[in-house]
Structure formats: structure tokens, C-alpha cells
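For the protein sequence lines, the chains are A and B, in the order given. Everything in the first sequence is counted per our numbering, starting at 1 for the first residue and increasing by one. Everything in the second sequence is counted per our numbering, starting at 1 for the first residue and increasing by one.
FYI, nobody ran anything at the bench for these hints, they're computed from the structure. For each residue, glycine too, the CB sits at the ideal point set by N, CA and C. There's no promise every hint is true.
To be verified - Just a sample of chain A residues kept apart from chain B, beta carbon distances all over 12 Å, derived: (1) Ala12; (2) Arg50; (3) His63; (4) Glu233; (5) Leu234; (6) Leu335.
Stated by the list, open to error - Some but not every residue of chain A turned toward chain B, in silico, with C-beta under 10 Å: (7) Ala143; (8) Arg145; (9) Arg162; (10) Arg164; (11) Pro372.
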Amino acid sequence: MSGFVAELEQEARRGHHALEAFLRGRRFPVVDGRSVTFVWRGEADEVLLRHWIHGLPGGLPFHRVPGAGLWFLAIDVPEGSRVEYKIEVARWGERRLMADPLNEHHAADPYGANSVVHAQGYAPPEWIAHDAEARAGELREHAVRSQAYGGERRVQVYLPARFRTTRRYPLLVVHDGEDYLRFAALKTVLDNLIHRLELPSMVVALTQSPNRLEEYADDPRQARFLVDELVPELERAYPLVQKPAARGMMGASFGAVASLSAAWRHQGVFGNLLLQSGSFVFTDIGQHDRGPLFDPVVRFVNAFRRNPGRPAEHIYLSCGVYESLIYYNRSLMPLLSKSGMTVRFSESHDGHNWENWRDRLREGLSWLFPGPLWMVYE
Amino acid sequence: MARKIVLIGPQRLQPTLAATVESLGVAGRIAAVTAGWEEREGEDRELHEHLGGRTTNLEAWTRVEDVMSADGELTGMIRQRADRLRAAHELYRLRLAHALDAARELLKREPQAGFEDLLEAEREAALRAVRVVDASHLERVSAIHAEFGAEAQPARRTSIRKHRAELEAQLKPCELLCIAGGHVVVLLHRLALLDVLGLWGERRPIVAWSAGAMALAERVVLFHDDPPQGAGNAEVYEPGLAAYSGLVPLPHARRRLRLHDGVRVGLMARRFAPDRCVALDALTRVEWDGSAWRGEAGTQQLDRQGHLTEVRS
Numbered sequence: 001m002s003g004f005v006a007e008l009e010q011e012a013r014r015g016h017h018a019l020e021a022f023l024r025g026r027r028f029p030v031v032d033g034r035s036v037t038f039v040w041r042g043e044a045d046e047v048l049l050r051h052w053i054h055g056l057p058g059g060l061p062f063h064r065v066p067g068a069g070l071w072f073l074a075i076d077v078p079e080g081s082r083v084e085y086k087i088e089v090a091r092w093g094e095r096r097l098m099a100d101p102l103n104e105h106h107a108a109d110p111y112g113a114n115s116v117v118h119a120q121g122y123a124p125p126e127w128i129a130h131d132a133e134a135r136a137g138e139l140r141e142h143a144v145r146s147q148a149y150g151g152e153r154r155v156q157v158y159l160p161a162r163f164r165t166t167r168r169y170p171l172l173v174v175h176d177g178e179d180y181l182r183f184a185a186l187k188t189v190l191d192n193l194i195h196r197l198e199l200p201s202m203v204v205a206l207t208q209s210p211n212r213l214e215e216y217a218d219d220p221r222q223a224r225f226l227v228d229e230l231v232p233e234l235e236r237a238y239p240l241v242q243k244p245a246a247r248g249m250m251g252a253s254f255g256a257v258a259s260l261s262a263a264w265r266h267q268g269v270f271g272n273l274l275l276q277s278g279s280f281v282f283t284d285i286g287q288h289d290r291g292p293l294f295d296p297v298v299r300f301v302n303a304f305r306r307n308p309g310r311p312a313e314h315i316y317l318s319c320g321v322y323e324s325l326i327y328y329n330r331s332l333m334p335l336l337s338k339s340g341m342t343v344r345f346s347e348s349h350d351g352h353n354w355e356n357w358r359d360r361l362r363e364g365l366s367w368l369f370p371g372p373l374w375m376v377y378e
Numbered sequence: 001m002a003r004k005i006v007l008i009g010p011q012r013l014q015p016t017l018a019a020t021v022e023s024l025g026v027a028g029r030i031a032a033v034t035a036g037w038e039e040r041e042g043e044d045r046e047l048h049e050h051l052g053g054r055t056t057n058l059e060a061w062t063r064v065e066d067v068m069s070a071d072g073e074l075t076g077m078i079r080q081r082a083d084r085l086r087a088a089h090e091l092y093r094l095r096l097a098h099a100l101d102a103a104r105e106l107l108k109r110e111p112q113a114g115f116e117d118l119l120e121a122e123r124e125a126a127l128r129a130v131r132v133v134d135a136s137h138l139e140r141v142s143a144i145h146a147e148f149g150a151e152a153q154p155a156r157r158t159s160i161r162k163h164r165a166e167l168e169a170q171l172k173p174c175e176l177l178c179i180a181g182g183h184v185v186v187l188l189h190r191l192a193l194l195d196v197l198g199l200w201g202e203r204r205p206i207v208a209w210s211a212g213a214m215a216l217a218e219r220v221v222l223f224h225d226d227p228p229q230g231a232g233n234a235e236v237y238e239p240g241l242a243a244y245s246g247l248v249p250l251p252h253a254r255r256r257l258r259l260h261d262g263v264r265v266g267l268m269a270r271r272f273a274p275d276r277c278v279a280l281d282a283l284t285r286v287e288w289d290g291s292a293w294r295g296e297a298g299t300q301q302l303d304r305q306g307h308l309t310e311v312r313s
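Chain A on its own, in the form it takes in the complex (with noise of 0.2 Å):
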């Protein structure tokens, strides 16, 4: 038991006064060394921590603090971790989702908010955070006709600060780029990291797919797209070196099997990957359990194991370990590094949720594109 929960529960005994005391003015949860103490007031039937930690079960219970309207959870959480969740509470047969009310840090994606628990040892990292010294680059709209899909699709640039048409830039191409920039703060970590000189300044292209669970599965189309037609028209829109070396390619989850689908299709375009979270599901022996959305995923990922070839010369691959893809993603370490590429594998002690790979963005763009910092003094 954390010494918080000790004091919590004598405070308690000592009667309401002694316990609101005891609260005043601290931080939930309460995180001590490794343990972290999850705490929700209010009156209910019960309560429960809903995670998506791989390995523990889904809903972990709260134990009531009796007569004080007071629940607690501790958990032991290792150092360095960053965990989302929400309280679950049911009363009168009701079950309702919540983000913790005591609890000022709150995540985003698509689906809403999560709360967050920063464990000891655990600190957004400042680089994220705008710098009002680092210039800030320039988002600009652009159509592309798509034989591929159809139609016309429409991507982000990203031009960097100071952007000269008389120099050439590295591309990077972005799967879920409007989700990048929403949830991971992708412009300015971009903006922050070219001022720093950790990366160099380049044009990054943001696409988002109406249907990026069909379309990012190994789609042809895909591929296509991105190979015939979205490079070669940035290449006639802006100035770019148009060499495999200076392009890369990233996405999370779905986005990160696009990449690798995609680069290994067209082999020898882009020279470089970033792979974050990759749901590179795959199967052994038998069927796979993950539903139909997953079968041409892992129809691909078995058919890459067969045939890894060589779609890059540099791959990053990120994955918390508190996600079911970690034991997909360490399998896919050894067969990427045999193939001859050059590959680094990151672990994070987080989920599968665009802060963890916003946390990532740092250490993996910097490694794919380094930037002038050791020569550069402005």
C-alpha cells in the first residue's frame, strides 16, 4: 500500500473535516515513486479505471472509502510512463465515461479526450511547446488528381520558414497528417525543430484519407497514389531533391502500414520511414483474431515476412510497450535489420495514442533527416 493511501484511509477515520484537509490543495492522481493513486469523489456503485494497457484487465476497480463519498485506485505504474484513462462510474444501473475531474492533463484524438497520468520520471518534452524565438513555417493547401482514387484529393504543405524556391528540400510525406497536427502538434514541432537546427528545413506533405482503414490497408490504390502522383506533382510544384535519400514517408497505426505498404511496392523511392505504432498484425499458424478489418494487413505483413525486400534505407520504428502491437513490432526488428537496412527501434513506456508518437517525433525525424546543428551557428 502507497504511503498516500495509508494517510488517506487514517485521515478518513478521522472524520470529514480531517479528510478534506488532507486533500486540500494536491494533485490527482497522486504520484509517489512508482505508485500512482487514482482518486474520484462522489457517490456511486462502483468505479472503475478504464486503460488501455495491454496486459492488465480493462476496468480496474476503485475501493470506497466508506462514508466519505471518496474512491480510490493505486496501481503501480513503472517510471517514465505516460498512461491515458478514463473513470468509468455506475449508479442506479447506469454506467457512465468520464474523463477525472481532478485531474488537469488531458489528451486528444479523434474518438475525444482521455485523461492522463505522467508518472515519475515522465515530462511533456519542451520542444513541443511554441517557442516564440523559432520562425514559424507555413501550411499551404494543394489539390492532386488521383487517377488512383478518383477525383482530387487535397494535402497540406508544410513549407518551412524562409522557403526559397532557389534551394532544394527534403519531402516527408505524412499518413493522417491533419490528425498529426491536431493531436501531435506536428507544425510546431516541425517549426521548433528547424530552428533548433535538429532537423533540416523541408516541405512536408500532410494527407488525410476519408477511409484511412480501408485505403491505408494495403490499398493499391494507395501506393499509387502516393508514388505516381502525389511526389511527382510536388515535385513539379515545389523544389525538391529528388532523390530517394531526401524523401521519406511516416504515419501511426493504420498509417504506418500504409508507409511500409507503400514502400514496398515501389522500392528504391523513398529512402526513408518512420513507423510509429504500426499495426503490423500478422499470423503464424491459423486465423488472426482482430477482426476483418485486419485481413489484408496481415495478408500483407505475412507476405512482407516472406519477401521483406528492402523498401528504405533508414527505418525508425517507435511502439509503447503498453499496447498488444509492441510483440508485433519487436518481431519485425530482427527481419528489418537482416534485410540490410539501417533500423532503429524505439520503446516508450506508453499506449497507442498520438502523444506517444508525437513524443517519438524528436528522436525519430532528427535520426532519418539530421539537421545542421553542429555547424549551423546563426
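Use these hints to put chain B onto chain A, whose structure you have.
Below, chain B alone, put in the same frame as chain A:
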């Protein structure tokens, strides 16, 4: 009288150049080098206006581009030199990493009562080893430059002579040479190829900042304590133009160095001693009169105990 060299902090956000120029009593034209900005070399309007419209940009970057497109043979030799420098640098890094690890480990170690002298002797030996690695690298790089000089004979090439003659004419009416920052190696190599300092002579003053200050030093020291990749070991890249001695400039020190980390600060100070390592952040200034340094109030240097102290002459 020897020429005065003034090194100032970065100029983008808190410019002090105009005040520095005024303090030097310069009323006439000013030659400006912005070659470190590479293809943005010509975007010097802000600098020009800050100095009251008195600057003449020497266009050293553009001139060397012109030389390289006109003189294919020289370009080939420049590329060959770059390849050799890169290879030498990679090898240097390997040795340096091990030497620095040992020195850092010893500097971190707490002295055992009664055996302080042993630890200090070992620390000094480890630092000597780092200095040997630095010195042998500088020697190798100097030899590469000497080979290039002997083979390329820049002073005899028509492509370069033309630009040197134009530069000489541009520099003649100027009272001050200003060298801005940017890419330190691009800047250094272009200044050297065009022999800008030789043309400028020994008497007129120079003001430089950031990479400009680094290029003028005896040795160019690259540094960053927290790069996103790698160990963050400061590196002696190659010999500088040696317009002054006794000082290692550290532009943007607050951003690039862990100045609160006594071990790293002490290591840097001791490694480059007797030269002083000066933090050249915004609003700082040091002045060289040909024999000694004088720092403006608030300008700090790294000391061997791992602290920052005021620069004194």
C-alpha cells in the same frame, strides 16, 4: 598598432552591432560577410539598415559559387578535400568519444579522503589524452588543407584572382569588416579560399558574431551538449583563420550547453585551457587588442571548477 577584433553575441533578436560599430568610432563604409547564410547571403537588408546603409556585402558565398562553376578542376579538388575531411573527422570522433568518456568519468568521481592527489593526477592525464586526440586531428586536417593548397594553388587561378581583385577594390574604402554567423565551415572555407583576411590586412578592425567569431579563432570548436542524436561531445573541427588567439567562442552557449552541469563545464574549460571558453550569448562582447582580451560586464567564461565567471583581461 595591431587590429582590434570584437566578438559579440548573436544578433537576430537583440542586435548590438550598431552600438559596437559606434563604440569603435567607425563612421565610414563597412564591409560585410554573410557567406555563412549560404544561398540567403544576399538577404542582408536588415543588417544593411541596422548599420545605417553603410555596408558593402562582399558576396563571398556567391563568388565561390561562381569560381566553382567556372573552374571544374578546382571544384573536383574541393570535393576531394571535403571527402578526406569527412573521413578524418569520422575517425577522430571514434577516438574522441573514448577519451572524453574517461575524462568525464574521472571528473564525476568524488575524491577519496587522503587520495585527492591521485584522482587529480588521473584527471589531468585523461584531459591530456583528450588534448592529444584534438591536436593530432588538427594536424591531420592541416595536412589535408596543405595538400589542397599545394595542388590547387588558388592564388594562381584566374577564376580566383579575378574575385580577389574585386574584393580588394571593395575592401579599400571600408573602415570595418563585419562577419556574420551561419554555417561555420562554409564560411571558413570561403573566407580562406578568397583570402579575405589577407586582403583586409592587419590594421583595420573586425567585428564578428556566432559562426563569424568561430571562423576567426585558432581552432573551430563545434559543440552541443544535448543533440537529438549522439553523445554531445564538443569537437575540434579544424584550424580557424587564427585572427586572434587565446579564446574559444561559444555562441548561443545557454541554448547549446548545459551550463549548470559542473562536470561538462569544467571539462570544456580544462580541455581547451589555457584558452578561455567564452559564452557568447545575446548582449555579450569581448574585445581583442592583439595581445589581450577584455570582456564587457556580464560576459562570462567557463572555469575549471565548472562555474561561469566574468571575463577579465
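Quiz item: Hint by hint, which ones does this structure get wrong, listed from lowest number up?
Solution: Hints 7 and 8 are the ones this structure does not satisfy, whereas the remaining hints hold.
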